[in-house]
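Residue numbers (the working numbering), protein chains in the order written: chain A, 488 to 847; chain L, 488 to 847; chain F, 488 to 847; chain Z, 488 to 847.
Wrong hints could be hidden among the right ones.
A pair counts as met if it fits within one copy or between any two copies, since identical chains are not told apart.
25 Å max Cα-Cα, derived SDA-like pairs, lysine to any residue [to be verified]: (1) Lys812 / His635; (2) Lys812 / Ile681; (3) Lys546 / His558; (4) Lys653 / Ala741; (5) Lys653 / Leu744; (6) Lys760 / Asp582; (7) Lys587 / Gly759; (8) Lys685 / Arg843; (9) Lys653 / Leu745; (10) Lys546 / Lys685; (11) Lys685 / Ala662; (12) Lys685 / Leu745; (13) Lys812 / His558; (14) Lys760 / Arg814; (15) Lys760 / Asn573; (16) Lys587 / Thr660; (17) Lys587 / Gly560; (18) Lys587 / Gly691; (19) Lys653 / Asn756; (20) Lys587 / Glu798; (21) Lys587 / Ala599; (22) Lys587 / Pro706; (23) Lys653 / Gly804; (24) Lys685 / Gly560; (25) Lys653 / Lys812; (26) Lys760 / Asn667; (27) Lys760 / Ile553.
No lab work stands behind these hints: they were computed from the structure. It should be emphasised that the depicted structure is a prediction, and the values quoted were computed from it without experimental measurement.
There are 4 protein chains.
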Amino acid sequence: MSSSFGQVFRIHTYGESHGGGVGVIIDGCPARVPLTEAEIQRELDRRRPGQSEIVTPRKEADTAEILSGLHDGITLGTPISILVRNTDQRPGSYDEMAVKYRPSHADYTYDAKYGIRAPSGGGRASARETIGRVAAAAVARQVLDQIHPGIEILAWVKTIQHLEAKVDPSTVTAADIESNIVRTGDPEMVEPMIEHIKTIRSQGNSVGGVVECVIRNCPAGLGEPIFDKLEADLAKAMLSLPATKGFEIGSGFAGTLLTGAEHNDPFRNIDGKIRTTSNRSGGVQGGISNGEDIVFRVAFKPTATIMTSQETVTNQGENTELQGKGRHDACVLPRAVPIVEAMATLVLTDHLLRQRATSL
Amino acid sequence: MSSSFGQVFRIHTYGESHGGGVGVIIDGCPARVPLTEAEIQRELDRRRPGQSEIVTPRKEADTAEILSGLHDGITLGTPISILVRNTDQRPGSYDEMAVKYRPSHADYTYDAKYGIRAPSGGGRASARETIGRVAAAAVARQVLDQIHPGIEILAWVKTIQHLEAKVDPSTVTAADIESNIVRTGDPEMVEPMIEHIKTIRSQGNSVGGVVECVIRNCPAGLGEPIFDKLEADLAKAMLSLPATKGFEIGSGFAGTLLTGAEHNDPFRNIDGKIRTTSNRSGGVQGGISNGEDIVFRVAFKPTATIMTSQETVTNQGENTELQGKGRHDACVLPRAVPIVEAMATLVLTDHLLRQRATSL
Amino acid sequence: MSSSFGQVFRIHTYGESHGGGVGVIIDGCPARVPLTEAEIQRELDRRRPGQSEIVTPRKEADTAEILSGLHDGITLGTPISILVRNTDQRPGSYDEMAVKYRPSHADYTYDAKYGIRAPSGGGRASARETIGRVAAAAVARQVLDQIHPGIEILAWVKTIQHLEAKVDPSTVTAADIESNIVRTGDPEMVEPMIEHIKTIRSQGNSVGGVVECVIRNCPAGLGEPIFDKLEADLAKAMLSLPATKGFEIGSGFAGTLLTGAEHNDPFRNIDGKIRTTSNRSGGVQGGISNGEDIVFRVAFKPTATIMTSQETVTNQGENTELQGKGRHDACVLPRAVPIVEAMATLVLTDHLLRQRATSL
Amino acid sequence: MSSSFGQVFRIHTYGESHGGGVGVIIDGCPARVPLTEAEIQRELDRRRPGQSEIVTPRKEADTAEILSGLHDGITLGTPISILVRNTDQRPGSYDEMAVKYRPSHADYTYDAKYGIRAPSGGGRASARETIGRVAAAAVARQVLDQIHPGIEILAWVKTIQHLEAKVDPSTVTAADIESNIVRTGDPEMVEPMIEHIKTIRSQGNSVGGVVECVIRNCPAGLGEPIFDKLEADLAKAMLSLPATKGFEIGSGFAGTLLTGAEHNDPFRNIDGKIRTTSNRSGGVQGGISNGEDIVFRVAFKPTATIMTSQETVTNQGENTELQGKGRHDACVLPRAVPIVEAMATLVLTDHLLRQRATSL
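Put together the whole structure using the sequences plus the hints.
Below you can see the structure in the form of structure tokens.
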């Protein structure tokens, strides 16, 4: 197990889907940062099941309690411990899954690794684990507001299966994204995406897609070569999320179709600042931010839980079939948006604090 | 700076392209592993400039010297320090670049971060830095041979710009790949790719592409949830390489076009073992290896150094032009292959040792 | 802040004395280790206030709740989160201390470092923080019982001020130590020590002393040169405890009075095993255990809180006096014994798991 | 192996006494710090064998070469690699020691841990390993001079066996200490100590003693509770040095003989600053510096190598005798002084940089 992330602004998460609760300790948060439970709760509510008609109807209030590190609404510089109790537990729903491995879930691999697993609700591999990340990122956001208030971190649904939104990373707003339950920035695609999710769900099937994220007004100079390059830490952050299969920054995989003459970003003096006139680098060069928008994309596979019968084996290795049931997202993308933002916020906050350590 | 990678099998690299040398310390290598400088040299030679007619003609012997950690050809369990002296230095070639920022290089961002940079040859951001990684991975390979001798780690050129090789990850051999200077596993694409690189080079331009990699015979159970998932550490490893813009595992970005019913990998008992009958997961589920082939792809952008004139600015922010010169790869892909293998080897070795720590 | 300890068996603590609670996350605990809350509670009860007539009468039930990482009494390999709620809070008792710095406490330095502090009960600097360590060590003890069941870790009160107990580290038993409320291993010193503590307390004064600790049946080979030598990690562990001022192992400071000829431990073959005939090394040579008893001592200063008037300053820097009050230990030594054992257990468990990682 | 030390200003050492060389990589050094090899060499010369008539006459030039991280005498912010070649190797002198375990050396424990060891000169356990630490600390000193130029770090020989120097930590100067080859700050004890070392050496015997160290003008607020308290990191640093058996800070073990009323350090406003009128805390309270002098002591055992015959065993477990020979220090204290200063400098520099990371 390795449930820690970050070097200076460092978080430690814990919890299974159906145990006493899930939570996080944040170590390395600066002192004297204003913080309320409401700021944490607002982000947890964006991640929460049951928030709209296109996500899982499970009822999880996900109420955050701050156990430590805060005094009269101000951080103490000591570890901030945040606990979210588990409530809507139905262990009974999972009896069959204790025996049969759900295809493309982590049941088999947890057994292979640990020789034991929490059989209900996915245990530690449940997406419920991301609550701690989102809560920690809400704290990180308050830190950013203290030391670099202008930084904006926005994610949105770029594609759902074959449906692609047209979104300009340099101008899209939080209001644009939050104005619709699918959390895409393209008004034209809201209805098609919602309808597609509903159709897929009615078939007991599922879909995935791509979340795109931009970090705007990021100062130049963040990222720690060689191994902790900014894009390397972002890639790790995103691939540590459940259901992710890919990460690309700037031109990404499509950039391999260009020649160097087409791909390079020319530098120009614009209004007295050194800028690039294109941004195929995606805001990072040599692992360090260059002051342009940081733009990256994350691929989420279709939800592994589907409502049809699938071939699988038991934990004794016998061939069998599994009929999916329960209350699951047919498409995780709308709820993945705040989680992608959360991980980007954690990476950026950590790198901002790291940069301060060694600046003369 | 953060020039360390790995948790148990942990490496620390150092060195600029035109200083005293580049190298690596490996800390956490088990004792009593047979090791020779020849094994390290063989891998360095695969990475080396001047090895074929399609790579940079720079003459860098890249001779490895083991300074510590070895006694009579056996590792001591103490840090292994490997030094490669710099030899073919032509600081004069870089005078102009001390003043003008090369587009899509790290010149500007290093200045933005550190307020200083080694002006010649890219300094720390030079691909020469990867020598330490390749040398360390050659040691890691010896460790694997002691504790899991069957593990195979092979990479190859999957695409160069629009040219795509057909390679079966489950059967391709090292001999297939090493049989041609472009290091692709598809005999049909060898000549087209070589010709394309030569044509592009003759135009003073450059191209990128995709390297694909497979890890075969990996035991199930490797990878440390939550944050050190196997794919997360692989993604970080790959995005820490110069010129990389994307990473995907298994079905990757294309997997987002499938439904869950199409994407899930059914489990079956095959010859008494639990296997999946498809491998869209790419050998990893829930961050843990499932015993199937681990398959991933890495996007490399076209080389930033091109031989034509480009718009840029000076380090004083004045608009100017830069005429490329020097001896550079028009396509880094053939030399990237051993580097991708090296990073995969480092990740896997580290996770194998981590898994031993907590297994009862 | 840095509230993490250990490399493989790694703990993260949190909590102030008068907030929502204190607790710990254990990351890196092997899976399939039997564990109950009762095993944790037993150690917390040894540490607890109010357990005897010579410790603080504060009523803190210190009831442990395991929030995660456990299923049906067996560890899952996932993070184990343990929470102890705060109950007996009397913030009113501390009003004066919010303004006046208690001499030789951490009030002033926390303000100097963080610009803020939890004013009541010592906040994060309270000895209440050690609850998380003791709970984590109770888990570590179960791990030891699985992989090296014979290892014994025992501490006792060696001195209280000028009173010194005669204890043979190679034969003293847990029963000897627990048979008396002062937790010394010398029956002759029980009454004198108890009487001395009572006398000092009646004077509103306090005393310190030395805790001695032995690790018996430790396998040879533990400890990681160069910086993570076993004695280095033990020293750090002990000096991280509140009120500690010194650490020595084996011959310690007194060993500096001997010559090399007197101090060296001769090796002999005893019953077919390589042993030393004396143990001035204290069971560690070159940072690595040699299989002999590991013996060390820790100095605890007299409790800083006393019931008489002392000169001090306000947080505005004005000279003033502070009259001590509240319910405090006149001597922390009896309650320090289980905490010293806890830290030794954590160090040893971590090093045992580290050693497994790189053993072929 | 764990050859890394520090969190932000982080060093990695390597090398055996009789291999290709010993050295260090410093990662996390700020950019734009002036640095020359001469500054490193000056400290290495203080540590070097053969520097006076009372230390080992071995001839080791210990010439430092900076391989990376420096450009025109200014640090680049990239890893600084420093190499010191081994020269005066006499493997022949050590043939017997390849078979017979030297008492109170690390020969046996390295074999127990690794199953192999470098047989000549102590290998990795040789005090020669401290070269990397001293070189790194010379770099750290330049960093301190940039960000806190007034900090003074001075160590001296406090005792040699029963001979004790009278030194006032608040006033002793570097010139006082360097004025005599024994490196004590008490002029009265120079001759007695030198004579005692010579006498002991003439007997083929050895002695140890205590090094005392002061850090003056340290700002308040350094040290990271809970586990990385300043005294905890100092204790670890010192106990990681060869031949150390104890560490105490401020009142130390003697402080346990005082009552709380005697031991507490009263706060007073002195010249507008919050100060303590005594310093039994040793400059650290609650793990954080309080702005007073940080004073600590380190116990060094008598040198294990003596020139008389000792009982021991072979690596096959047979009883035998070993006749010491070679060129060794009869007393390491004079050469330990710069090494203690080096470790204190590394701890302080790291904590200064850590504090900057999270200060708003």
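Identify every previously stated hint that the structure contradicts and give their numbers, smallest first.
1, 8, 14, 15, 16, 19, 23, 24, 25, 26, 27
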